[in-house]
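Enquirer: The lines below spell out each chain.
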Amino acid sequence: MTLVSAWVLIITLFSLLYFIASKGIAPFLHGEVTLADFFSGNWGPSLSAEQGGPQYGALDFILGSLMVALGSAVISGPLGIGAALFMTEIAPKAGRKILQPAVEILVGIPSVVYGFIGLTLIVPALRSIFGEVGFGLLAGIIVLSVMILPTIISISADAIHSVPQGIREGSYALGATRWQTISGLVIRVAQPGLLTAVVLGIARAFGEALAVQMVIGNTADLPFHLLKPMSTLTSVITLNMGNTVQGSTYNNVLWSMALILLLMTLILILAIRFIARRREV
Amino acid sequence: MSQKVRVRCFQLYYGTNHALKNIDLDLAENQVTALIGPSGCGKSTFLRSINRMNDMIKGVRTTGTIHIDGQNIYGEKVYLVELRKKVGMVFQQPHPFPLSIYDNVAYGPRLHGIRDKKRLDEIVERTLTEANLWDEVKDRLHRSALGMSGGQQQRLVLARVLAVQPEVILMDEPASALDPISTERLEELIMRLKDQYTIIIVTHNMQQAARVSDTAVFFLNGEIVESGPTDQIFTNPSDPRTEDYISGRFG
Ligand SMILES: Nc1ncnc2c1ncn2[C@@H]1O[C@H](COP(=O)(O)OP(=O)(O)O)[C@@H](O)[C@H]1O
Ligand SMILES: [Mg+2]
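As you go down the protein sequences, you meet chains A and B in turn. Following the UniProt record's numbering, the numbering of the first sequence begins with 1 at its first residue and continues without gaps. Following the UniProt record's numbering, the numbering of the second sequence begins with 1 at its first residue and continues without gaps.
For reference, chain B alone in the conformation it holds in the complex:
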C-alpha cells in the first residue's frame, strides 16, 4: 500500500484563530479515510487545505507541508488548476450548476480543453455510470439538473468531480442532507470507488465512518488526538477523549 498524502507540521490560522495545530498524518492510496470529531474542530478546514480551497479566504495563513505523490502542494511552482484537477471535492450541499445534467458533468472537461463532442459524450456516460446515476438520467441529460432529488444531485456532483479524472476525492459531510436510502446508495458508491481513488470523508455519523472507512482520524480543537485503522479506533481507542466522543459523551 503506497502513500498518497503526507502531512507534516501543518498549521492554519484564520487571522488570529489557530484552527489547525501541528497536523501530522499519512494517508494511503486507494483507501477511505474518515475524519471525525465535534463541530468546529477543524475537519472542514483540514479537508479544504488539501486542495487549497482555503486560499480564497482572506487572512488565512499556513505553515508546514502537505505532500501529494511526493510534491509539496504548499511549495513553489504549484499550479492550483493542476492541483484541483488531481484533488476533487464534494461539498456538504450539492449545489449543481443551474445548467443541464450533461453540461454539469461536461463543465470540468470543457474547462480543461476537451471540446470534442464524442469524447464529452463518452465522459458523461462513463462518469454518470460510475456515480450510479446513468440509468436514472440517461433520458433527460439535457434537462436542468435543478429538477433532480437531493440524492441524485449529490451523485451528479460526484460525477462532475470524476469527470476531471481526480486521484484524490475530498468529501465534506456528503450525506448530511440526504435521506437514509440515498445515504446508503452513496456509501455503497464510496466503497466501490476506493479501488480507483483515494477518498477522504468528513462525517458526523459514527456508523457511517465505521461502515465506509479503512482509517479513522479523530480531531479535537484543531489537533489530531488519534488516528489508525477504523476497527481499532472504534473498538479499542487509546485516548479516553476518543472513546468519549465515539460513545457519544460529547460533541
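Chain A extracted, bound-state conformation:
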C-alpha cells in the first residue's frame, strides 16, 4: 500500500515536471521568443507588431518574486528566530500557552484573508503615511512576512529544541550565563536548522500568489522602489492564465514563468538538503 502511494507520488511529480517543462520551453523551441527576450524587462504581450510587440520579457517579475521573498525573510527571519528562542529558552511556559496556539492559528488562516487584511488595512495605512498609492513592494513584504512567520517560528523552535540539554548544562557548569549559553552555543549548534527555517520561509513566500497579488499593484515595473506597484511571477501567472488562449505564445510564456518558479523552488530545496547534510558531519 505504501509502495503504491509512493509510486503515485513519484509519477505525479514527474508528469507535473514534464508537463510544465514541455509547455515552458515551447516558446523557445518554436523561436517565437528568444531567451534574451524572455530575460529582458520589456513586457508588452498585447502590443501590436507596429509598436514592436508583442514583448514577453519577464525580468521584472522574476526580480519582483525575489525581492518580496527575500524582503519578507529579512523581516521574518530575525523575528521568527527570536520568537522561537523566547518560547523554548526564555519562557517555555508562556511559549506553550500563548505563542504556540498563536502560531497554529496563523498557519490555519487562508491566504485570501491575509490578502484581504493587507488590502483593507496595510495598503491604506501605507498610503496615508507615505502619500503614495500604497500598493507595492512594501505592502507585499509586510503581508508575506506575517504569512511565513509561523513556518520560521515552528521550524526554528524544533531546531533549538533538538539541542541536547547536556550541552546547555555543560555550558552553565563552566560558569556561562544564560545569555552567553544562548548566544554563544545554542544558536551556533542550532544554526543549520535555523537556516533551514529561513530558506523554507523564502520558498513559501516565493510560491505564494493570492495574497501578494492583492496588495502589490500588478504593474510591469522593476521592484526597486518600496512604495511603487510591481508584479511577481505568481501574480502575473494567476492574473493572466485564465485570460489567454491555450497554446498561444502568451499562454506558453506564462508556463515558462511557472517553470522558472519551479526551478527556483527546487534550488531552495536543494539548498536545504545541503544544509542538512552538512549538519550530520
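These are computed hints drawn from the structure, not numbers from a lab. The beta-carbon is built from N, C-alpha and C at its ideal position, and this holds for glycine as well.
Which chain A residues stay away from chain B? Per the calculated CB distances, all over 10 angstroms, these: (1) L16; (2) I20; (3) P78; (4) A102; (5) V113; (6) N218; (7) D221; (8) I237; (9) I275.
Straight-line distance between alpha carbons at most 30 angstroms, and here's what the computed DSS-like set of lysine-lysine pairs gives: (10) B/K86 <-> B/K194; (11) B/K58 <-> A/K97; (12) B/K117 <-> B/K138; (13) B/K138 <-> B/K194; (14) B/K85 <-> B/K194; (15) B/K58 <-> A/K93.
Here chain A is said to cover these stretches of chain B; the calculated rule only asks that three of the stretch's residues, wherever they fall, bring their Cβ under 8 angstroms from a Cβ of chain A: (16) 48 to 59; (17) 88 to 94; (18) 99 to 109; (19) 155 to 162.
Since chain A is already given, all that's left is putting chain B with the ligands on it; use the hints.
Expert: Only chain B with the ligands this time, still in chain A's reference frame:
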C-alpha cells in the same frame, strides 16, 4: 591537610521529595572523595549542590550551608559565575560541544574574557596535556570534537573544565559509559590530578572507588550512613548497611 569543603545540616527538596537529609561532611583539599550508594540515594543531587546546578531545576529548595574555602555558597553575595569557575563539573555523558576540539577547550576561557590567541593556544595545549589527550589530538585541533571516541570525549570534557582553572572538580559517574581501557586511563588521570585539585567522584564501581579515592562516603536514601578513609570503609565498616552494600548484598 586543610579543609576545602564543609557541609552542615544540608537539606534538599525536589518539591515534596526530601532528597537530601541533614548532610554533614568535611572534605580535605587535594584528596579524592568517592560518593557511593545505590541508585536514587541522592549522590548526583549532592554533587550538583556543590556547584548549585540544582538551582536550574524548578521546585528545588535547600536549607543548611555548604562552605568552600570558608565562604557559604548558599549565602548572600555569591556569584554563580565565580562559583562555577571554582567548582568544575564532569557529567556522566561527555556531551562535547559540537564545535572543534580547540573551541571546546577555549569555550570556558573565552566566556571569562580571554580573547588573546596566544594565551588561548597556551591554555588549550596545557589543559589537553594535563588531560592526557594532547598527543592524540594535536594534529586535528580544528576538527569537530564529535568525531572522537567516548574515552577521548570524556578527557576532552575534563580538559574543558581544567581550562577555567577550577579548584574543585565534581565528577558524576565519569567512567560509566567507557570501555575498560579508557576507564583505566581516566582513573590514572584522576589520581594524578589530585595533587592540584580537590576531586569528588560519584561511582557505582566499588573497585574504582577503592582504587582512586582517599575518602569514601556511603549514601542511602538521602542520608550519609558512614564516611571515612577509603580503606577503613572497605575493610572495616562500622555500619552493617555499608558492609551489605559493599559486599554487593543490595543496590
Ligand atoms: N530533576 C529532578 N527532579 C525531581 N526529582 C529528582 C530530580 N533528580 C533527582 N530526583 C530525585 O532525587 C532522588 C535522588 O536522585 P539522584 O540524586 O539522581 O540519585 P543518585 O545519583 O544517587 O542515583 C531520587 O529520588 C530522584 O527521583
Ligand atoms: Mg546519579
